[in-house]
Amino acid sequence: AVKAMGIDGQRYLRSLYANTLFTIALPVASLLTTVAGILLWIRVSDNFNADYMGSSGGSVLSIGALFGILAFGHGGAAIGRYTGRHHKALDVAFADGNVTSEQETEIMELNSKVNLHVNISLGLMIIAVVGMSIHRYV
5 AVKAMGIDGQ RYLRSLYANT LFTIALPVAS LLTTVAGILL WIRVSDNFNA DYMGSSGGSV
65 LSIGALFGIL AFGHGGAAIG RYTGRHHKAL DVAFADGNVT SEQETEIMEL NSKVNLHVNI
125 SLGLMIIAVV GMSIHRYV
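If you use the numbering used here, the sequence shown closes out at 142, no skipped numbers anywhere.
If you are wondering where the hints come from, they were derived from the structure by calculation, not from laboratory data. Hints may contain errors.
Stated by the list, open to error - Simulated restraints on C-beta separations:
| id | residue 1 | residue 2 | range |
| --- | --- | --- | --- |
| 1 | Ser137 | Asn51 | 18 to 24 Å |
| 2 | Val6 | Gly77 | 57 to 63 Å |
| 3 | Ser63 | Ile28 | 44 to 50 Å |
| 4 | Ser60 | Val6 | 23 to 29 Å |
| 5 | Val122 | Tyr56 | 30 to 36 Å |
| 6 | Asp50 | Ile124 | 31 to 37 Å |
| 7 | Tyr56 | Ala29 | 30 to 36 Å |
| 8 | Gly10 | Ile67 | 38 to 44 Å |
Claimed, not checked - Here are the simulated lysine-lysine pairs, BS3-like style, with alpha carbons at most 27 Å apart:
| id | residue 1 | residue 2 |
| --- | --- | --- |
| 9 | Lys117 | Lys92 |
| 10 | Lys117 | Lys7 |
| 11 | Lys7 | Lys92 |
Cβ atoms here follow ideal geometry from the backbone N, Cα and C, with glycine treated the same way.
Let the sequences and hints guide you as you build the complete structure.
Next up, the structure:
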């Protein structure tokens, strides 16, 4: 919806970044989810017991857990970096109310990069969820 709205959608994102705790809440939720997942992985695997880890269920759970950790790392490294740059570009562009075509191009390019990396992280998370969901049935 934001992409379809063009520059007005970017105004909305600027407001979201500036007037909410979105940029704090999302990384905190991601960190808490990852830490909780790692603690559960340790507990379910009986502290990475070799017999369990060598089983098919343990292998599938481990693959899911590793993809979850990859999603967390990718989210922090790529999405966080591009979202921060996007936020700064929006602040500069909308500071005086007039957005130049160069600024609009930069904003839309950064928005595309954020979207690309969100989709990559989503793919990693889907693999993680599937692995962690089916491990007890394999």
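Could you tell me which of the hints above the structure violates, numbers in ascending order? 2, 3, 4
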